[in-house]
Amino acid sequence: MSDTVALLPAYAEDGVVAGAQARSEPDWLLARRREAARAFDATPMPTTQLRPWKYTGVSDLVIESWAPWSPQLTIEAPALDGDAFAGSLAEAASDATHGDAVRERLGSVVTATEGRFIAANAAQWEDGVYVRLPRATTLEKPVVVTLDATGAPAGAAVYPRILIDAGAAAEASVVIRFTSNDQPLLVSSVIEMHAEQDARVRVLLDDRWGAQTKEFTTARSRVGKGADVQLSSLAIGGQVIKQTVESLIEGEGANSTIRGVALGDHDQHFDFVTLQDHIGPKSTSDVEIKAALAGASKSIYYGVTRVEVSAKGSQAEQVNRNLLLSSDAKADSDPVLEILTSDVIRCGHGATVGPVDEEALFYLQSRGLPRRAAFQLLVAGFFQSVIQDVPIDGLAEELETLVVDKLAAAEL
Amino acid sequence: MTAMSDKILEVNDLHVSIADKPELQIIRGANLEIRPGEIHALMGPNGSGKSTLANSIAGSPAYEVDSGQILFQGQDVTEMPADERARLGMFLSFQYPTAIPGVTMVNFLREALKARRGEEVPAREFLGELRETLKTLKMDESFARRYVNDGFSGGEKKRAEILQLGMLKPSLAILDETDSGLDVDALRTVAEGVNALRTPDIGILIITHYERILNYITPDVVHILVDGRIVKSGDFALAKEIEANGYDPILEELGIAGEAVTA
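Line order of the protein sequences matches chains C and R.
So in the numbering used here the end of the first sequence lands on 412, straight run, no missing numbers.
So in the numbering used here the end of the second sequence lands on 1263, straight run, no missing numbers.
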């Protein structure tokens, strides 16, 4: 870039520490902030030489020029007592009852030194969500988190942090809704998930970003014996959406499911990276990511399913499908299988990139549906296989409405 | 209205080729007229152009009209997109209906009916009509919750086409080989469905290779299509003649033996 951008003091170590002190954070967290600030300083921006960043260049993006800003955070959760908790991460971290548990888990799945966006998050997050469910605790309704950045000034940065800790046989379902305005906004989020033996965790990321939001998310889970984790992502809004979703499938018989839906128009850019790392024997995983792309939008998928030597008797499925709704839309798909043991039940992967089926289009048109209405129906149907697995009431209908609304004005 | 408006369909000297292969002309001067209440059967050997004629009347972009005219209720629709023809009241029952995974029959029918009527159909009214039509066709209600043609048996696909016919109430129904791939029981069910949904205003064009279906739906006129032209028309007796002796005697009589199979 030709013109120099102002580097904000909030990102330097002194600035980070001052921020933590102003929030009266406990000493252990203050120390972590300091480490994160140093990691941020020492870690370069990823380059397109790195495979997961091949199609999403960020060399022009200067994180320190985006001003940290606190979005409106609303958490709807049932009242819990004892060790159970569902609410503000900042409060829990400073709390006498929950502070130690947060200290033990926070940063244990995603560490600050892994990358620049993650380090920025570790240093800058002001609040987020903490869900802790002790042994055999079940929530009847999902925890619904709304992160509202519609009031953010142009050039703001938000750093959402989410920590989910499900004890043995506990069940948690968390819906995270993101919104913003159409001003430039940088988002770097980190989601950490722990699922102990036989725990069941469901997370839905529902992105309704404005036109100039750039999101960089890392979500990672550790999945214990017999546990089952599902992360689903709806990417509807935003300018650049880069989501890295990874599962360390450690326990015997553990399962990880990743689901993704992207609906693009104009110059929207989606980049999904997944890792299903089978470590425990007889573990299972399933990835299905679908993108429908109008205008000059673009979707990139790079996913690795790795079956380690220790993961004998495992099964894995990995699918990425891209529907091009206009001649300017593009998709690149690269699902990779790395199987390090000869003892697997079944490992499959598939990728497609192509336009709408002409026969299906004529069939619908021959019944009177105008071309656009036919596209709306076909795209809603295309997403159905992903959405039917996401256990949130009314989601299918809601997505259908979103598809119809967005395609009503899309460049087809 | 002109005098022509009493005809539902009028096809004048139609020449049609495949859009991707303009040099391959399939329909080479076809003429046809259908009036309200009439049932026409279009028969012919394999490769004679029956499905091409059906699809080009419905407006399939896979075909290109080189010359000639298609008039629907007196209006020239030769260049009109398929969806506009359908909204005017034209209906094609497909020989091979396309599967659309993820789209339920009920959602699809609701959208189609909305398009046909030009306005939103209230949910209660729509569901009432759907139940009624399913009942007429002896189809289970669970059918409506399945994805369009996805995993349907041959018989189910054809019944699903007739269900759409019953819901959309077109003025012209073209049934393209609706009898193919059906056993006797399925054929009877489908034919009874067509008869139950028949009104004095509708014109029907049945395209078939064999006369089997015509024993259930009696045609007023039978046309024989050979090599892209209607070479002979007659009454039901013509279909019977084909059943008894095949197409060869007719082809020989017209001096065009052997030409059809190479088309």
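Check each hint, because a few of them may be wrong.
As the list claims (entries may be wrong) - With the Cβ distance kept under 7 Å, some of the chain C side facing chain R (calculated, not the full set):
id, residue
1, W28
2, Y55
3, E317
4, C347
5, A360
6, Q365
7, S366
8, R367
9, G368
10, P370
11, G381
12, Q384
As the list claims (entries may be wrong) - Computed spacing ranges between beta-carbons, pair by pair:
id, chain 1, residue 1, chain 2, residue 2, range
13, R, L1127, C, L50, 50 to 56 Å
14, R, P1122, C, G354, 33 to 39 Å
15, C, Q72, R, G1181, 57 to 63 Å
16, C, A396, R, G1074, 33 to 39 Å
17, R, P1061, C, A396, 30 to 36 Å
18, C, T401, R, D1183, 41 to 47 Å
These are calculated hints, taken from the structure and not from any lab test.
Model, not experiment: these values are computed from the prediction.
Glycine included, each C-beta is placed from N, C-alpha and C at the ideal position.
So, going through the hints one by one against the coordinates:
no.	hint	in the structure
1	W28	violated (49 Å)
2	Y55	violated (28 Å)
3	E317	violated (17 Å)
4	C347	violated (24 Å)
5	A360	holds (5 Å)
6	Q365	holds (4 Å)
7	S366	holds (5 Å)
8	R367	holds (4 Å)
9	G368	holds (4 Å)
10	P370	holds (5 Å)
11	G381	holds (3 Å)
12	Q384	holds (3 Å)
13	R:L1127 / C:L50: 50 to 56 Å	holds (54 Å)
14	R:P1122 / C:G354: 33 to 39 Å	holds (37 Å)
15	C:Q72 / R:G1181: 57 to 63 Å	holds (60 Å)
16	C:A396 / R:G1074: 33 to 39 Å	violated (44 Å)
17	R:P1061 / C:A396: 30 to 36 Å	holds (31 Å)
18	C:T401 / R:D1183: 41 to 47 Å	holds (42 Å)
This entry does not satisfy hints 1, 2, 3, 4, 16, going by the numbered hints stated previously.
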